[in-house]
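Construct the entire structure; sequences and hints are all you get.
If you're matching them up, the sequences are chains A and B in order.
For the first sequence, the residue numbers in this note's numbering are 745 to 1199.
For the second sequence, the residue numbers in this note's numbering are 7 to 98.
Read the hints as simulated data drawn from the structure, not as lab findings.
Treat the hints with caution; some may be incorrect.
Unchecked claim - Facing chain B, a subset of chain A residues (Cβ under 8 Å, in silico):
(1) Tyr963
(2) Phe985
(3) Gln986
(4) Ser993
(5) Pro1072
(6) Pro1073
(7) Gly1074
(8) Thr1136
(9) Pro1163
(10) Arg1168
(11) Arg1169
Unchecked claim - Just some of the chain B residues that point at chain A, by a computed CB distance under 8 Å:
(12) His30
(13) Asp32
(14) Ile54
(15) Leu61
(16) Ser64
(17) Ser73
As the list claims (entries may be wrong) - Below, simulated BS3-like cross-link-like pairs (lysine-lysine); rule was C-alpha separation at most 25 Å, straight line:
(18) Lys1183/A to Lys1099/A
(19) Lys79/B to Lys1160/A
(20) Lys838/A to Lys1160/A
(21) Lys1160/A to Lys1172/A
(22) Lys79/B to Lys1103/A
(23) Lys72/B to Lys1103/A
Every residue gets a Cβ at the ideal spot worked out from N, C-alpha and C, and that includes glycine.
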Amino acid sequence: MSAACGSSSPFSPPDRLPLLGRAPEDELYRTLSVRITAGQFLAAARALAARLPPAPYVVNLCHNRLYVAVGFAAALLRGQVSILAGDPTEQWLKALARRYPQAYVLAEAPDLRVALPVHIVGFEPERGQGDDAPPLLAADQLAALVLTSGSTGEPVPHAKHWGSLVARTLTAAERFQFESDAPAGIVGTVPSQHMYGLESTLLLPWHAPAASFCGDAFYPSDILAALQTMQEPRWLVTTPFQLRALLASEVSLPPLAGIISATAPLSADQAEAAERRWQTKVFEIFGATEVGAIATRRTTAEEEWQTYSGITLAAEEGGVRVFAEGTPPGRLADAIALVDSTRFRLLGRREDLIKRAGKRASLAGLTQALMEIEGVEDGIFVAPENLDSEPTARLTAYVVAPTRSVAEIRAALSQKIEPAFLPRRIIKLERLPRNATGKLPRQALRALSARFGDP
Amino acid sequence: MPTAIDHQTAEEAELARLLVETLHLDIPPESIDPVMPLFGDELGLDSIDALELALAISRAYGVEIKSDDARNKEIFASLRSLAGYIAEHRTR
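Okay, structure coming up:
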């Protein structure tokens, strides 16, 4: 191990940080059949970097974590900014092509949905040099733009600088007590282009003693095969939805050192069931795409969240501000009660912001998309309370559209919004229960839900 | 004007009921066209639905769905393809 842990304080980051903080023979990634060392990875990143077209931006649409990672590393070496979008809709891809016309797409296969040139990714360690020291990158180099949905449904970019990404992987490794004499084997069930997956599955091996699984890990039987591939101590990086499916399935997992869950609140019952069944520890990460991972807690032991070292919170008018070294201060959209500057309790979501499957959207933005459909005279999206915790809970849309059928409205919506937020029920009404000022009082919406039997 | 749909076989009708029950769909099971795509515009199913559905199928039929099965997309393509895969692999 080179200077991975401990030598640098997150409060006084060096100006330049190596691409990799691991020894050439250390394993970074593993597939069902192959192990990739830091040396091989660096060689492959250099070989790919040499072949990349000149451009300021690269939209990384690769699927396999290994290809996403080598593409991201190659872009860093070339000073190109990676645009990362979890699972972009066609509308997002169109918006990206409009906003970043000089960008190109990096993918495993031609992608006909996007109006940008596509460069096919490759992993060719034999064509590059990997044994010498990894190059140093400026801490303030703009590494990535991670996209989330804005209030109108358009993608909003969040700037990620190299120094802050490295600082965060080091603090995560410290929090979860990864040790260099027994590197962790990580199986992530989340996409690498999502901020959680980027930090906790793709980047962790670059600077912390860990190897990350690259391959399918979605269904319980995939996760079993992936975990069997990795060495102990094994860590599962997942979401409440997948943890729930794992608990409900009959697969018997190999020993787990820890489970990390994020994207939605995990119930204490589920955490306890998981700890009991697999004799393990379940941690949650609380994060926001603007800032990245912010805090953790051991769900069965603590109600309060503890921020990562180097991250502090401060209450401000109508919200909470986050201070993290190397990142501009961010605002949290969740309702939070501060205990002190590094500990807090979550109070739930704000009225308009909804989360599902690691994605978030604004009800106002979704309603706007509905209203833009031809023939829709009035409409509103309504979310059940348990949207982020109950797999079958979905949005409902109430619509006034005398000339359009429910199927037509559904088809039009599916062009505009992500599948996670498509309403399961679209209910046509003659008019919405607007009050004298044209507003839809919450009480009237509750009455609607009761009348149409929403759960 | 609803268009005529393909006739559901007995196995497809049973699977359609499982689908509607598991995912709390707001449609009658018999209205699912066995040859229409399950994921995408028609029913608006997403990855969490796939996970729930895989779990229900494993319980009801003892069939484990896997991502690395090269036929995964084909299997989930329609009610008919899914019913066919289950018929081939069911253990209960």
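Hint by hint, here is what the structure shows:
no.	hint	result
1	Tyr963	holds, 5 Å
2	Phe985	holds, 5 Å
3	Gln986	holds, 7 Å
4	Ser993	holds, 6 Å
5	Pro1072	violated, 32 Å
6	Pro1073	violated, 33 Å
7	Gly1074	violated, 27 Å
8	Thr1136	holds, 4 Å
9	Pro1163	holds, 4 Å
10	Arg1168	holds, 6 Å
11	Arg1169	holds, 5 Å
12	His30	holds, 4 Å
13	Asp32	holds, 5 Å
14	Ile54	holds, 5 Å
15	Leu61	holds, 5 Å
16	Ser64	holds, 6 Å
17	Ser73	holds, 3 Å
18	Lys1183/A to Lys1099/A	holds, 24 Å
19	Lys79/B to Lys1160/A	holds, 23 Å
20	Lys838/A to Lys1160/A	holds, 11 Å
21	Lys1160/A to Lys1172/A	holds, 19 Å
22	Lys79/B to Lys1103/A	holds, 23 Å
23	Lys72/B to Lys1103/A	holds, 24 Å
Hint violations for this structure: numbers 5, 6, 7, all remaining hints satisfied.
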